[in-house]
Amino acid sequence: SQQGEEDPQALSIQEGENATMNCSYKTSINNLQWYRQNSGRGLVHLILIRSNEREKHSGRLRVTLDTSKKSSSLLITASRAADTASYFCATSTSGTYKYIFGTGTRLKVLA
Amino acid sequence: DAGVIQSPRHEVTEMGQEVTLRCKPISGHNSLFWYRQTMMRGLELLIYFNNNVPIDDSGMPEDRFSAKMPNASFSTLKIQPSEPRDSAVYFCASSSVDSPQPQHFGDGTRLSIL
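Chains A and B are the protein sequences, given in the same order. Going by the numbering used here, 51 is the number at position 51 of the first sequence; the sequence numbering is gapless. Each number in the numbering used here comes from the position in the second sequence (counting from 1) with 1000 added on.
Don't read these hints as lab results, they were simulated from the structure. Warning: the hint list may mix true and false statements.
Claimed, not checked - In silico lysine-lysine, PhoX-like type, Cα no more than 25 Å apart, as pairs:
no., chain 1, residue 1, chain 2, residue 2
1, A, Lys-98, B, Lys-1024
2, A, Lys-69, A, Lys-98
3, A, Lys-98, B, Lys-1078
With the hints as constraints, model all of the structure from the sequences given.
Structure, rendered in structure tokens:
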């Protein structure tokens, strides 16, 4: 069974608005990563957050991690049409290099 | 620096044929992963290698699937015989194993089995 479940499954917003995507997982993790996938392309790494971190920023991206709730959120501020893509969370447990990917959120940013 | 290179990008073949997918990881990366992506099941990890050795192949769906990594710069995923339900996009990814590292994905092989 998949470790991560993203919510919502699909999101449509206007350019300039903020987009928030959530990821919930089932077991304790070592770290969590967020990836973006453009149509017809491979996944691209966005940001990694370790289990002892609560928040990380990278440009217009902000990721939070709540290990007590087993959840993470990805916030994209001031969205652009180029942000249109699917976004996935991926979790890794201690002692393994395996990452389990969630079901993804399809984001559409309207110009 | 070249990214992960997969070939072919598209493959269409008839049921029963052997299919071989190829992957060249990023130079210096010592972990390699094969994934399968479908609408129904999402992104599934099939197998991963560390220093050319298969570490976990529990995601390989059946004995029809096999993967090899003869050296640090090349890996293959083979399906023999292929079936229509194997149709999917197959991704290869590589990473450095030293501490948590991002995975770098190729652009995938879109496989259609008729």
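Going down the list of hints, with the structure as the test:
Proposed proximity of Lys-98/A and Lys-1024/B is supported: the alpha carbons are some 19 Å apart, at most 25 Å. With a C-alpha separation of about 22 Å, the suggested pair Lys-69/A and Lys-98/A falls inside the 25 Å cut-off, and the hint holds. The suggested pairing of Lys-98/A with Lys-1078/B holds, with an alpha-carbon distance near 21 Å, which does not exceed 25 Å.
When held up to the earlier numbered hints, the structure conflicts with none and fits them all.
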